[in-house]
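Just so you know, the sequences run in chain order A and B.
Here the first sequence stands for residues 1 to 304, numbered as in this note's numbering.
Here the second sequence stands for residues 305 to 732, numbered as in this note's numbering.
Quick caveat, the hints were computed from the structure, so don't treat them as lab data.
By construction, the Cβ of each residue, glycine as well, lies at the ideal position given by its N, Cα and C atoms.
Treat the hints with caution; some may be incorrect.
Between beta-carbon pairs, the in silico distance windows are [stated by the list, open to error]:
1. B:Pro481 to A:Lys188: 13 to 23 Å
2. B:Gly368 to A:Leu192: 35 to 45 Å
3. B:Ser589 to A:Gly194: 20 to 30 Å
4. B:Pro531 to A:Leu67: 42 to 52 Å
5. A:Ala59 to B:Gly368: 52 to 62 Å
6. A:Met189 to B:Ala364: 39 to 49 Å
7. A:Leu161 to B:Gly346: 51 to 61 Å
8. A:Leu192 to B:Leu324: 33 to 43 Å
9. A:Gly194 to B:Leu587: 20 to 30 Å
10. A:Ile126 to B:Ala692: 20 to 30 Å
11. B:Leu684 to A:Arg199: 34 to 44 Å
Listed below, chain by chain, are the residues.
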Amino acid sequence: MGYALQQLINGLSLGAMYGLIAIGYTMVYGIIGMINFAHGEIYMIGAFLSVLTYVLCTALGVGPTPLVLLAMLFASITFTALYGWAVERIAYRPLRGAPRLAPLISAIGMSIFLQNYVQLTQGARIKSVPPLWQGGVTLWSADDFRVTFGWAQLTVVLVTLIVMAGFAWMITRTAFGRQQRACEQDPKMAALLGIDVDRTISLTFIIGAALAAVAGVMTVLQYGVIDFSIGFIAGIKAFTAAVLGGIGSVPGAMLGGLLIGFVEAFWSAYLSPEYKDVATFSILVLVLLFRPTGLLGKPDVEKV
Amino acid sequence: MTAAALPAPSPLALRLRDALVITVLGGLLALPFIGLVTVEEGGALAVRTRWGAWAMTLVAIFLGRLAFRAALDAWRSRKPSHKSAAFSSTDAVLRRAAGTSLLAVALLLPIFFADNRYVIDTATTLGIYVMLGWGLNVVVGLAGLLDLGYVAFYAVGAYTYALLSTQFGWSFWAALPVAGALAALFGILLGYPVLRLRGDYLAIVTLGFGEIIRIVLLNWTSFSGGPNGIGNIPRPSFFGLPFARSAEGRTFHEFFGLEFSPMHRFIFLYYLIVALALLTHALVSRLRVLPTGRAWEALREDEIACKALGLNTTTVKLSAFATGAMLAGFAGVFFAARQGFISPESFTFSESATILAIVVLGGMGSQLGVVLAAAVLVVLPEVGRQFADYRMLVFGAAMVTIMAVKPTGLLARREPTVRLNPSRSSAP
Numbered sequence: 001m002g003y004a005l006q007q008l009i010n011g012l013s014l015g016a017m018y019g020l021i022a023i024g025y026t027m028v029y030g031i032i033g034m035i036n037f038a039h040g041e042i043y044m045i046g047a048f049l050s051v052l053t054y055v056l057c058t059a060l061g062v063g064p065t066p067l068v069l070l071a072m073l074f075a076s077i078t079f080t081a082l083y084g085w086a087v088e089r090i091a092y093r094p095l096r097g098a099p100r101l102a103p104l105i106s107a108i109g110m111s112i113f114l115q116n117y118v119q120l121t122q123g124a125r126i127k128s129v130p131p132l133w134q135g136g137v138t139l140w141s142a143d144d145f146r147v148t149f150g151w152a153q154l155t156v157v158l159v160t161l162i163v164m165a166g167f168a169w170m171i172t173r174t175a176f177g178r179q180q181r182a183c184e185q186d187p188k189m190a191a192l193l194g195i196d197v198d199r200t201i202s203l204t205f206i207i208g209a210a211l212a213a214v215a216g217v218m219t220v221l222q223y224g225v226i227d228f229s230i231g232f233i234a235g236i237k238a239f240t241a242a243v244l245g246g247i248g249s250v251p252g253a254m255l256g257g258l259l260i261g262f263v264e265a266f267w268s269a270y271l272s273p274e275y276k277d278v279a280t281f282s283i284l285v286l287v288l289l290f291r292p293t294g295l296l297g298k299p300d301v302e303k304v
Numbered sequence: 305m306t307a308a309a310l311p312a313p314s315p316l317a318l319r320l321r322d323a324l325v326i327t328v329l330g331g332l333l334a335l336p337f338i339g340l341v342t343v344e345e346g347g348a349l350a351v352r353t354r355w356g357a358w359a360m361t362l363v364a365i366f367l368g369r370l371a372f373r374a375a376l377d378a379w380r381s382r383k384p385s386h387k388s389a390a391f392s393s394t395d396a397v398l399r400r401a402a403g404t405s406l407l408a409v410a411l412l413l414p415i416f417f418a419d420n421r422y423v424i425d426t427a428t429t430l431g432i433y434v435m436l437g438w439g440l441n442v443v444v445g446l447a448g449l450l451d452l453g454y455v456a457f458y459a460v461g462a463y464t465y466a467l468l469s470t471q472f473g474w475s476f477w478a479a480l481p482v483a484g485a486l487a488a489l490f491g492i493l494l495g496y497p498v499l500r501l502r503g504d505y506l507a508i509v510t511l512g513f514g515e516i517i518r519i520v521l522l523n524w525t526s527f528s529g530g531p532n533g534i535g536n537i538p539r540p541s542f543f544g545l546p547f548a549r550s551a552e553g554r555t556f557h558e559f560f561g562l563e564f565s566p567m568h569r570f571i572f573l574y575y576l577i578v579a580l581a582l583l584t585h586a587l588v589s590r591l592r593v594l595p596t597g598r599a600w601e602a603l604r605e606d607e608i609a610c611k612a613l614g615l616n617t618t619t620v621k622l623s624a625f626a627t628g629a630m631l632a633g634f635a636g637v638f639f640a641a642r643q644g645f646i647s648p649e650s651f652t653f654s655e656s657a658t659i660l661a662i663v664v665l666g667g668m669g670s671q672l673g674v675v676l677a678a679a680v681l682v683v684l685p686e687v688g689r690q691f692a693d694y695r696m697l698v699f700g701a702a703m704v705t706i707m708a709v710k711p712t713g714l715l716a717r718r719e720p721t722v723r724l725n726p727s728r729s730s731a732p
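Chain A on its own, in the form it takes in the complex (with noise of 0.2 Å):
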């Protein structure tokens, strides 16, 4: 019971992370329907750049440690945003328009490059820092076992749950997210009612980006352990939690994200914690082959 409910906490900080990344995931497919192969990659810059600014930060002697974790914050989504504009002005924009199998290689050759790239620059070891927030709270304890909401765990619940509220009110309230699902629902249309698609495309990038570096600030803050190529394995569980809640729906991604994170964490705990990968993609594949709409997905019909 206890250990279940410890798994349940785990589940949820991780799932946590994987929707803010699947949100980036969903929203570019919907607004040009392809897959973002980089965006695991803009995720492992997002916690780079966070180790970065916490190292920084430490070095300077920046005090109080919620103020460490605004700047965190900051510096990670400011630079990271800008990173999610540049993979679409690069490897997006120029082929809008080209056949299909083009976007799809040019994103991977952007993955490939990235990640590269914080290899060579950065180094190929583990970077590691110390947790900003010790302990937490004793829910539950029987004999020797205790569930413990640990800080960061709840510093990154917490956290998610203001930036999801954010992001649906900038979706659902504010003109930007009206653009955004006018060009969703139909590029061209919203092109004649005057609506910059491009500038809208880039804007989704952007705060796909966004998103990614909150996961990134997430990650660092709960683990503290991070390498160039984290991007890799979290770019497949986020897409495969986009896919599970529905490519193309924002509120799929984060049901989906919890899900996966729920799976993963009890995979680990009661199966085999090495093959928690294998479950992951297992349910890819079965979402795929039976629902591939999702469980809050529109179906996608092909139009010539």
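Given chain A, work out where chain B should sit, using these hints.
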């Protein structure tokens, strides 16, 4: 330099401004990664600055952008005249001549370098990549399906031979078809659920599959030896004659009355991969003019039109996917037999990426282009160690650039294999 010669609102000034904007943006992007670096010092991370490297990056971005812009403009302005000449007959003659001379070089190489093991080894590696490139070309270049886990089928082939030979004593030649069939079966099992969906899904599922195969091989120790891999894999024999100084029965050098030389085996392995690669080439060229191959290319160009013409797109895709997987399986058997030792380390994503880069850089669908791209990829890292480090960085950037400039690839040939005009026969 030619500001005066160019017409109206000084393009040079425009270019300079464009380069400046790009430099500022690039500088911002590079600042946290090139300008700053986190290094481990006394057990904790510390930040170091690298202003010199950063400044050099800025200069490189500025000059690079100027050169790229100029090259791009030149390329685009000459395109119309180029296009009409692209499929001319001289082009085809040139291709054929290049192909023939490459084949001659490949066949004669061991005669000139009979006792240079390094050259033969490098050439053998090149042969493996050419074969893998040709195999992946069926999937990506002909059928237009993006397979990002191609190395998984290579691994299936390699482990099949390794296990069959070390556990059950199968010979190379007996294991070859079995491994190919098994790899194709994996391709079908994986492709079946995914190929009905859009291309992007296939890409990510194959990406995942490649990783899963590696994870399983790494963790299922009782089956695959885990991270230690499988060693002592028997080398292929010359139709039953082993390449040993002495063995039970006759050895290769005794049978042919030659002096024993360890080079015999390397040269044999080299010719073996050349033969396998040529077989692949013959198969692919042949398939290309058969209805199957034509269906592949039609599918690449327009899937909806294919459906409208009554093609079962899933079957067509599956056949391309399985053919590619089978060829990777063959290459895997050869790899295991040549190395004598395999471990999951040889089958990482970067290997898949390398093979994909070969196909993309060489031009999707072009057999000759694959050879040239593979040569660049295999030979250049041998030239300098620094280049080996930057290899994948350069290839990633090249993939993006090529897609932006010429999405069909550098040497792509989109020549129709069927023509309505009967006077011109179609060459495979």
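Can you list which hints this structure breaks, lowest number first? Violated hints (numbers, rising): 1, 3, 5, 7, 9; every other hint is consistent with the structure.
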